Amino acid sequence: MLHQASLPDALESRGISRRDFISFCSAVLATLALPQRYLGQVADALTKTTRPIVVWLEFQDCAGNTESVLRSSDPTVADIVLDLLSWEYHETIMAGAGKQAEDALHRVVTEEKGKYIAIVEGSIPTAEGGVYCTIGGRSALDIATEVCRNSAANIAVGACAWDGGLVRSNPNPTGAVGLQEAVPGISVVNLGGCPHNVANTAAVLVHYLTFKELPALDQYNRPLFAYGNIIHDQCERRAHYDAGRFVEAWGDEGSRKGYCLYKMGCKGPDATYNCPTVRWNSGTSWPVKSGHGCIACASHRFWDTMSPFYKPLPEVAGFGADVTAEKIGWGLVGAAAAATAAHGLVSITRNRRKTTSRAKVEPTSPDVAQPVEPRS
Amino acid sequence: MARVVIDPVTRIEGHLRIEAEVDGGMVTEAWSSGTMFRGIELIVRDRDPREAWLWTQRICGVCTMVHALASVRAVENALQIEVPDNARLVRNIIAATQHIQDHVIHFYHLHALDWVDVTSALKADPAKTSQLAESISAWPKSSTTYFKGVLDRVKKLVDSGQLSLFSSGYWGHPAYRLPPEANLMAVAHYLEALEFQRDFIRIHAVLGGKNPHLQTFLVGGMTTSMDTNEPNAPLNPERFDLIANIAKTAKTFVDQVLIPDVLAVAGFYSDWFSIGAGPGNYLTYGSFPQGKVSETDKFFMQQGIILNNDLTKVYPVDPGRVAEYVTHSWYEYSDGDQAAKAPSVGETNPKYTGPKPPFEFLEVDKKYSWLKAPRYDDQVMEVGPLSRMLVAYASGNQEVKTMVDGVLAKFNAPPTALVSTLGRIAARALETQLLSNHLSEWIEELRGNMNSGDLRMHNGEKWDPGTWPDSVRGFGLFEAPRGALGHWVEIENKVIKNYQAVVPTTWNAGPRDAKGQRGPYEMALLKTPIADPERPLEILRTLHSFDPCLACAVHVVDARGRKRAYLPAFQ
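Chains as they are written, first to last, in my numbering: chain A, 1 to 376; chain B, 377 to 947.
Just to be clear, a hint being listed does not mean it is correct.
[As the list claims (entries may be wrong)] If we take Cβ atoms under 10 Å as the criterion, some of the chain A residues that face chain B in the derived model are: (1) Ser72; (2) Glu91; (3) Ala101; (4) Pro125; (5) Gly136; (6) Gly137; (7) Leu166; (8) Val167; (9) Asn170; (10) Pro195; (11) Trp250; (12) Tyr259.
[Claimed, not checked] Under 8 Å between C-beta atoms, here's a sample of chain B residues computed to sit facing chain A: (13) Thr411; (14) Arg414; (15) Ile416; (16) Arg426; (17) Arg434; (18) Leu489; (19) Gly545; (20) Arg578; (21) Leu594; (22) Ala609; (23) Gly730; (24) Phe735; (25) His834.
To be clear, the hints were calculated from the coordinates, so they are not data collected in a lab. Everything numeric in this text was worked out from a predicted model, so none of it was measured. Even glycine gets a Cβ: it sits at the ideal position worked out from N, Cα and C.
Next up, chain B with everything else stripped away, as it sits in the complex (with noise of 0.2 Å):
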């Protein structure tokens, strides 16, 4: 038996350890580890909770944008603001585009190499290569002579020596299975993908400011006022041009590139739809309002939960029935820590109790994480992409239904594959394509309001703090591109008095519970082939399907040990 660290666990946001055991042949335990925190919602206490947005931004930069909106969301629901329709779409394509970006990055950049052996790719054929990519796609830049100059650029690069970030990668690893042209086709996609987010996040440019960490949000509404006749309206018609047109190309480059790149990469690894199964229930806020936030049955993503892999059933969402354990977390609560609590009443008492670092292990069997272990109902529960697809088809969501069938019906395969490494990765890359149909059409839905002479884009009846009860509270979800994502605010005097969230990979990452069930990503990697102890590719494999964020994942603490009260029940 073999006791495998990796840490840092890289291509992912954040810092995170796995600490694993390896025997026969396979991982048997598994334990996962945050190892930093800041303590973003304690900053934020004392100050205007209309500027709550700007810091909570800040808690990810590679998710930008889902903290800012789920905290004017809070905000907005502790004040009982409506926000205009333009609002909202600007922020449903502000959302969609970010979804867009963090997973076709997350694709090429983030998790490809796991599956694409680099190196490989000199063996290449170019014009077997070109021919493997005609068979797949109408992508324009396919042809022997295009290849030809990737695989050159691919040559040059190794001969000089200098990999760069390449260097350290498990190349001819026996879990590598592509062939040289389908390696060379995916390496030559890895590049274009660079230049394609790089392009397409001008969305967010004209909608933002900039990219990360966008400025325009307002407890409200957005400050990206429109007006057809107003050359420096922060909207105006050449704006919409211009965005209006990136959004185009994203739909040709997804529906080209990403999606058939996934469905051949999942070709020749079609075992990996029986690894890496994780606790098969599964949890969405749902997304994208096409009315009222509070219109949840109207949402464009359906919300619910699933239990036991059971897709027959869906299960209203309560938020009250979420509760968090500490049993195996760097924090204390005041009546020990066997029962979970609630958010609404939470305490945040740090507690360091690891090693002193410099260390070799943690000790797994007390305290390992900076993460809680967040259950519902006592479940634990996978929150992302393949939760919400599932749980839209599950709905009745004939779009979602129609494109998820069409997959499987290429591996032959039944639903329940999805529930897997590939599935998680089938499911983000469906996602990405769904959105990519419907962008255009909010950014044309937004440009005929103006165009009618519709140009509300702030309810102003709040902003004085002076119309403000003395205390009141809200919370506010959403989905981020890593899955539900919840800020809880409680308001008193006109300033913060608490603020909390509850985040996607908190969920996925967090560590065993009082019951000792284990969470997520423990459960997942259970039973992932290991070739090679001393280069653990496979796990790396299905962490990576997670799309970890270890920032997002911890965020809350009081490092002098000051008890947090926390916030009374919200619903």
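If we strip away everything but chain A, and leave its shape as in the complex, we get (with noise of 0.2 Å):
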């Protein structure tokens, strides 16, 4: 029988203490955006809770959203992230192998059923039967239609199972998409970024067991909470960029400075995510305080719609108002913003490719309307 232990025991048995779990649930309130008068809606609903089941599949993948999960310490979130839940199959860390591990997954579909949450890691390859992607024998679309369908909910980590990712760019040699296109008729809520950030993992899943639904989300089911503000708008370099102060050239006296990255290639004026508050690594840096430009890992088909990287924005086939680098000032600032919003209209097309081999991106859901003509 599962669903034993509660979570203040769950707790305990890792060494967490009363005060760190409150401390841990006013942070996840923090990243949600929510008032910390919902502390103790939160703290009662989580120690009440039983562990719900979570199996973790991984498809085309490179484990980096599992290594986020490892690697996060925001006070102790992957601590509470594994023991408010019952993790019973995840492949990169779980104890069985073979039939083992199939075993723990059967078991959670059957004896499970609806109860439990999936969390998918990588695209699904649909080109040639699936051939591209087995495991145990079985096809990786096989193997996430029979999953998916038969949970309570489902995450898409990152961006490749949110949208094909790397993946799914141009040519898209396997045919990968992303999880809610693969297996269509699924709920999911996607947590784009490359890698995601577990701290939006974690607040999304303890808003579920608080409020028994999901958190408001965007046109791309994404948490508007984590996806609903621009990068440019929260840097720490911002002010530089108001006052005109930028990086020309990688290790000059602005890069030592701190000063704004925008000329060299930052997508973070077109670009919405909270890594420049959540931050990685238990809130250490993010690359733009590290010295290199957003590249918009959290937008719709970033690898695709926001290279050449290098580049200034408007001259990336993403962006999509007419502003040029030197109009650099406070009109920029709604055009982004315009920008950003408009990726629910249009889907885009790279203007650097004049082969005719490569596919345009195509629109990957229903809300999304035709490409817009590539400009040259």
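Both chains are given apart, each in its own frame, so use the hints to dock them into the complex.
Here it is in structure tokens:
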């Protein structure tokens, strides 16, 4: 019989005090942008909950999202994620292999039908009958269909599971797609990013367990608390942008003073994510703080739409507004916001490709309209 | 005779399948198969070579950064760019951090459960566990009270009926041999290592912006500019203090926890010093440049090849002698599948001929893997920490020699004992210690440069594509935690014309070649004792000793069957 241990016991078994637990709940509320008056409700809900079962599936992945979970330490998030949930299947870290592993997954799908949470990492190849990714002799598509159609909720972590990510980039050799497209009709919460930031994933789970519903989502089924704000607006280097102080060449004086990276190709003005505030690895840093521009890794089809990564924004196909580097100023902010919102309406084709061997980026979800023509 | 199938092989990166025949209580035949690929090399074609590292880094999120560094080195080699010494140091610090991080996670979280029975820990006496711990290490977390606390945690977990990730383990298997106290100590350190690696990886956050998938590499250097007087500089005195302190904790953890644990576990399983031998040939490109990347003779870890376990001779490495077979891989060559092709003139025409999924068994007498079979001078090569340590040892690296001889003396064993499952584990642990011994000094060297006013972090002479020749080729070699890694790039008209990576796990996990020579995994599994074919724990022990990384190993494909003209010879 599963569902035995309550959360306080589970936490205590890993040496997590009540105080640490409340601190975690508080941090989650901050991530969710909810007022602290919900603290009691969150703590209460988590304390009373039984440990829901989670299975973590890996398909065409690099395990970067798995590693992101292991390496999180934003106070003990990973601990609490592991103890909040009963993690029954996860190839990278589970004890059993082969038949024992397959049995564990089979048991959850049959005995816990409709009650477990499925988390998916990696894209799913659809070409050639799925031969490009098999596990236990079954295709990834076959496994995803069975597991995600019988779950209570599905979460796609990382760019690949969301929209096919890098694997789906032109020319998409394996017919890779994200979970939502691979298994039509299921509901999926998409936590893009390369990799996902586990603070957001934990916050979604806590929200779900506390309020019995998912947080508000955008047109891509991404939670607004994490994907609703433009990086540029949250950036610690923003004041330099406003004052016209830019890194002009790698390693220059501006790079030592922490000036704005816009001219070096930073996609922050056209990207949404809470990366600048949540940061990575115990809040230690994020790419801009360490001197490199944002590559918009949480944006839709970013590999194709936001590259070339060293070209300043208006020269990138994905930038939907008519703004040039010479017009930098307050106007860009509004333009960037408009461009970000427009992502739901336009899909983007890369403008640098002249070969006919590569297909245009195609719309991936029903609410995405036809691609705009590439600019030359 | 029983056919044993392990799929998925877990506690690795990626998708690996093993089929083995078991007869008379041991493995008599084995086949290694990679069952997933993505095609990243094809995806980077026609793109800006300056950003290739961002793409290829996604080959792997476990050994993240290794493909980034090999990629920028390949492009720098093609464009003849020398990076400033500070960038060399930042890269060495990042790489050493990666090795230490990867090796610690590998031992505790990917490998330990092959040797440690979590449920046996329940029977441990905390006082005796404390005695055991204090007899082997000065690590302070060793009191009776501490181990009593860990024991209570394990007990609660087991009593809850929700063992979570441990639920599918092989507990009670007769091959587990540690006494309960050693199991309890190992479980405690499994949990402590989880904490350690989370804190330790913050070095990557400082120098890379984040981990996984660092974001500070540049063709020509790094973005991590430093300045003693700038609070907003990516590197400044505050940031140096942070990473210097973290580096010190790593040395303490490795010296006082990892090394004593590995030695203790090895003591109970010393028969595994004679199980799991691979091909006996070892290849390493050498690592941690102390000057230019081209000055391989000055590397911190030596470059070289050892043949037939003969440690008296180290042969030079000539990348031109690498060639790949597809005789048993799901690809076809234009002139037939019997001859090997050098990467420089290689072809990648995928042709899946395996059974249609769902399937029960692969057709192992035909083609059975998405991995090619790389060979050096037609010889099977093992790569990884064991290769690096053996080549360093045989090259006369005194520091390595002292460490290795010290361990061998403890077990009263000859150097040939390293040619085994336990030998790989010991070599990996010693390499972790070697690097943790030097990490702090490399950080201080970098800080010293900042303090003396040498702030150069990027060479921008060739950043503008207008300065590039019309057509140029290059390669970048690197030793990833799992072994020899090479990236090859051809740049034409400012974009990537061709790209290729030959990675460690392809060497180790590849299938048979045209001559029927088994790959290193397939060789190492032969004669592995199997107590229970239904629970083939012993196979996992030897597989995990290689630290498989399958996402890295399979990366080339053109699903539509287009031929790729590969790169002419690289030297």
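Against the structure, the hints come out as follows:
Checking A/Ser72 against chain B: minimum C-beta separation of about 7 Å stays under 10 Å; hint holds. The interface hint given for A/Glu91 holds, since its Cβ lies 5 Å from the closest Cβ of chain B, which is under the 10 Å cut-off. The criterion of a C-beta within 10 Å of any C-beta in chain B is met by A/Ala101, whose closest approach is roughly 5 Å, and the hint holds. With its C-beta approaching chain B no nearer than about 8 Å, A/Pro125 sits inside the 10 Å limit, and its interface hint holds.
At about 5 Å, the closest approach between the beta carbon of A/Gly136 and any beta carbon in chain B falls short of 10 Å, and the interface hint on this residue holds. A hinted interface residue such as A/Gly137 counts as satisfied when its beta carbon comes closer than 10 Å to some beta carbon of chain B; here the least separation is about 4 Å, so the hint holds. Taking 10 Å as the C-beta contact cut-off toward chain B, the hint placing A/Leu166 at the interface holds, the least distance being around 5 Å. At its closest, the beta carbon of A/Val167 sits 5 Å from a beta carbon of chain B; the interface hint therefore holds under the 10 Å criterion.
The closest approach between the C-beta of A/Asn170 and any C-beta of chain B is roughly 7 Å, which is under the 10 Å cut-off, so the hint is satisfied. Annotation: interface hint on A/Pro195 holds; nearest CB of chain B at approximately 6 Å, less than 10 Å. Interface restraint check for A/Trp250: the shortest CB-CB distance to chain B comes to about 4 Å, inside 10 Å, so the restraint holds. With a cut of 10 Å, the hint placing A/Tyr259 at the interface with chain B holds, because the nearest CB-to-CB distance is about 9 Å.
The beta carbon of B/Thr411 comes within 5 Å of a beta carbon in chain A, closer than 8 Å, and the hint placing it at the interface holds. The restraint placing B/Arg414 at the interface with chain A holds, with a minimum CB-CB distance near 5 Å, inside the 8 Å limit. Evaluation of the B/Ile416 hint against chain A yields a held restraint, the C-beta minimum of about 7 Å falling below 8 Å. The interface hint given for B/Arg426 holds, since its Cβ lies 6 Å from the closest Cβ of chain A, which is under the 8 Å cut-off.
Among the interface hints, the one on B/Arg434 holds; its C-beta lies about 5 Å from the nearest C-beta in chain A, closer than the 8 Å criterion. Checking B/Leu489 against chain A by beta carbon gives a least distance of about 5 Å; that is within 8 Å, so the hint holds. For B/Gly545, the interface hint holds, since its Cβ comes within 8 Å of a Cβ in chain A; the closest pair sits about 3 Å apart. Because the smallest distance between the Cβ of B/Arg578 and any Cβ of chain A comes to about 5 Å, under 8 Å, the interface hint for this residue holds.
Hint status for B/Leu594: holds, given a least beta-carbon distance of 6 Å to chain A, under 8 Å. With a cut of 8 Å, the hint placing B/Ala609 at the interface with chain A holds, because the nearest CB-to-CB distance is about 5 Å. Given the 8 Å rule on beta carbons, the hint for B/Gly730 holds: about 7 Å separates it from the nearest Cβ of chain A. Taking 8 Å as the C-beta contact cut-off toward chain A, the hint placing B/Phe735 at the interface holds, the least distance being around 4 Å.
With a least beta-carbon distance of about 3 Å to chain A, the hint placing B/His834 at the interface is held under the 8 Å criterion.
Comparing the model with each earlier hint shows no violations; every hint is respected.
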